[in-house]
Amino acid sequence: MRILICGGKEEADFVISAFDGKENHLVVINEDYETAKILSERHGIDVLVSDPLKIYTLAEAGISHFDLVISLLERDVDNFVVCRLSKEIFQIQKAICTVNNPGKVSAFRLMGIDSPISASYLLADKIQGESDVSSLVNSLSLENKKVVITEIKIKNNFACVNQSLKNLALPIEGNICCIFRDPEVVIPRGDTMIKAGDTLIVASALSSQKKVVDFLRREI
Amino acid sequence: MSLIKKKNSDMTSLTVVIGSSRLGASLAYENSSKGFYTTLVDKDKNAFKKVDANYTGFFLEGDATDENVLAKAHIKEASQCIIVTEDDSVNIYVASLVALLSKARLIVVRLHDEKKALLLHDPRFRVISPSLLAHDAYEAILNGEKKGNL
Chain A
242 MRILICGGKE EADFVISAFD GKENHLVVIN EDYETAKILS ERHGIDVLVS
292 DPLKIYTLAE AGISHFDLVI SLLERDVDNF VVCRLSKEIF QIQKAICTVN
342 NPGKVSAFRL MGIDSPISAS YLLADKIQGE SDVSSLVNSL SLENKKVVIT
392 EIKIKNNFAC VNQSLKNLAL PIEGNICCIF RDPEVVIPRG DTMIKAGDTL
442 IVASALSSQK KVVDFLRREI
Chain B
753 MSLIKKKNSD MTSLTVVIGS SRLGASLAYE NSSKGFYTTL VDKDKNAFKK
803 VDANYTGFFL EGDATDENVL AKAHIKEASQ CIIVTEDDSV NIYVASLVAL
853 LSKARLIVVR LHDEKKALLL HDPRFRVISP SLLAHDAYEA ILNGEKKGNL
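So the sequences go chain by chain: A and B.
When you read off a place in the first sequence, starting at 1, and then add 241, the result is the number in the numbering used here.
When you read off a place in the second sequence, starting at 1, and then add 752, the result is the number in the numbering used here.
To be clear, the hints were calculated from the coordinates, so they are not data collected in a lab.
Mixed in with the good hints there might be a few duds.
Derived CB-CB ranges, DEER-like [to be verified]:
id : chain 1 : residue 1 : chain 2 : residue 2 : range
1  : A       : Val388    : B       : Asp874    : 27 to 37 Å
2  : B       : His887    : A       : Lys295    : 12 to 22 Å
3  : B       : Pro882    : A       : Asp355    : 28 to 38 Å
4  : B       : Lys797    : A       : His306    : 39 to 49 Å
5  : B       : Leu884    : A       : Gln332    : 22 to 32 Å
6  : B       : Lys797    : A       : Ala259    : 50 to 60 Å
7  : A       : Lys451    : B       : Pro882    : 48 to 58 Å
8  : B       : Glu782    : A       : Lys387    : 38 to 48 Å
9  : A       : Glu264    : B       : Asp874    : 38 to 48 Å
10 : B       : Glu813    : A       : Glu329    : 46 to 56 Å
11 : B       : Thr808    : A       : Tyr274    : 48 to 58 Å
12 : B       : Arg857    : A       : Val388    : 30 to 40 Å
13 : B       : Ser778    : A       : Ile296    : 28 to 38 Å
Keep in mind the model is a prediction, meaning the values are calculated, not measured.
Beta carbons are placed, not taken as given, at the ideal position from N, Cα and C, and that holds for glycine.
One chain only, chain B, in its complex shape (with noise of 0.2 Å):
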């Protein structure tokens, strides 16, 4: 419990997650479970029902877009952001506004038209594709089939 506390109080290992989409509340409760300091932004506060019960971390209303609310959610300070909202152009300019405020070593992005990956040129961009996702699932499937055929 102190270990926790500890990091807690740690801005060094501050997450913030951008957009409380499905896989944002998981990835906001996640980190924060794991004795991360964390911090869910959405303009939506109806989206923060979908956060786990359990989650210990911080909600912020806004519009992420907004260099205030990044300010409000400490953004300077994080060492990692998390940018999965529903919308590849509010991510990529977020994650553009991001890469510029922040020292943060990882900015993670979701895009649904992973082509658009060619717009984050900064090293610290990851990139995540659900469909690219889906297609290496479905070649790991077809590849257990293979195998369980012979």
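Here chain A stands alone, though its shape is the one from the complex (with noise of 0.2 Å):
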């Protein structure tokens, strides 16, 4: 994958670090040039010093022939400006940015930009998730939200244990994509049996998640 990053030290930093190396290649824009400097010399890479809100730096960066690209610039409307910038005049299919005010998310996707990420949200979201299901399940949300995947740990009293997927009646908004059972990974059909123990990940809509988790979580 294609991936420019945009501005941001500790940040950029950790994000050239989780990509680095796998298969990607990594273009980084920073005006500030101690940081250009500094991550130029531990990741082993190109650092474009150069103001990324300006058009012409995006495209020497050669931004067009990119997958994706993630703005960690320090003030949201920024972010927001690259975000724009990178979808509509050089069409990049992805463009994620950092959020500082949680306040700005709804807004930046009602605006078109698909990944917004705030540290203070995120954390909102997340104690909102486990309040609204289950401390017990963990789960992610994806496409603003609009899917959900939710792991279950499968216990002796549930009903579901020793049935089979098609007799199961699994409500129709979920789907169970895939079992853990230790050592393996199961890719279920409709014959696979659900057994105690097992780890259970499932998709839906957000909005179907409560019905689905309910039900795989019935007691006997």
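With the hints as a guide, bring both chains together as one complex.
This is the structure in structure tokens:
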């Protein structure tokens, strides 16, 4: 994957470490010379010292050939502009940015930014999610919370134990994508049986998550 | 005088000016002196000192990138919005937000980098670019000089 990372200090360092060397091609733009020098020396990559808010800088970085842009600038409005320039002028499919003010996350989404990331917002969302569903399940939101992946640990006393998927009558809004049955990973089919100790990976719409989870965690 | 009072009480003629820059202060005064209900917004109250003493509109101290501040400025009811802070990123963000929240017929935006006007698609947007205006003024001066020579 070709990834362009704009701005940021510690955040850029962390993101570069996460993506570097995994068949990814990274290009970094940072206006601050000292930060650019540190990032370049630490990761052995080229860093373009320029202002990512300028269209000519993005063009010089070859942005139109990239798959993903990550904007980590200090100001929310600058991240908004970098993401909009990337998507609308250079037709980049995916643009992700940090948002310091969690109150702006909804507006960013409404104005076409795929993935605004706010630490405070994620924290509140996580707490909300756990109180909504159950502290015993982990969940992950995708596609602006349209899809949610939920991890459910199956206990001995659950009604679904020893049931095949075709006989389970799982609500139509959910689907079991995968079963972790240590040490195996089972891709389920209609005749696959659910066993105590399994961990089910379930996909559903966010609005149906509680219904699907409650169904699978019903006790005998 | 009664006409001015009537216009001032009419929210359909509300103009919201974002950014008390020299241009913003001047346009806010211009609108209020024509009898339009006007609100001037800036996050720095000292910037309001640029406004003419005869300005009859309202001042609102606050960050216009905050939806709550725009709500206090009655952006939803505004007939036009003029966004002229000194910062292009702020202007683009606020303009996009205003287009989302308001039914304003006209949204005027100042951009120092006129190429970024490509981000402002809504037909209600009108972009003012100081460099393009200066370029046009230069052309006009040049044309005037040529005619003078003839």
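Hints violated by the structure (numbers, ascending) | The structure breaks hints 6, 10; every other hint is satisfied.
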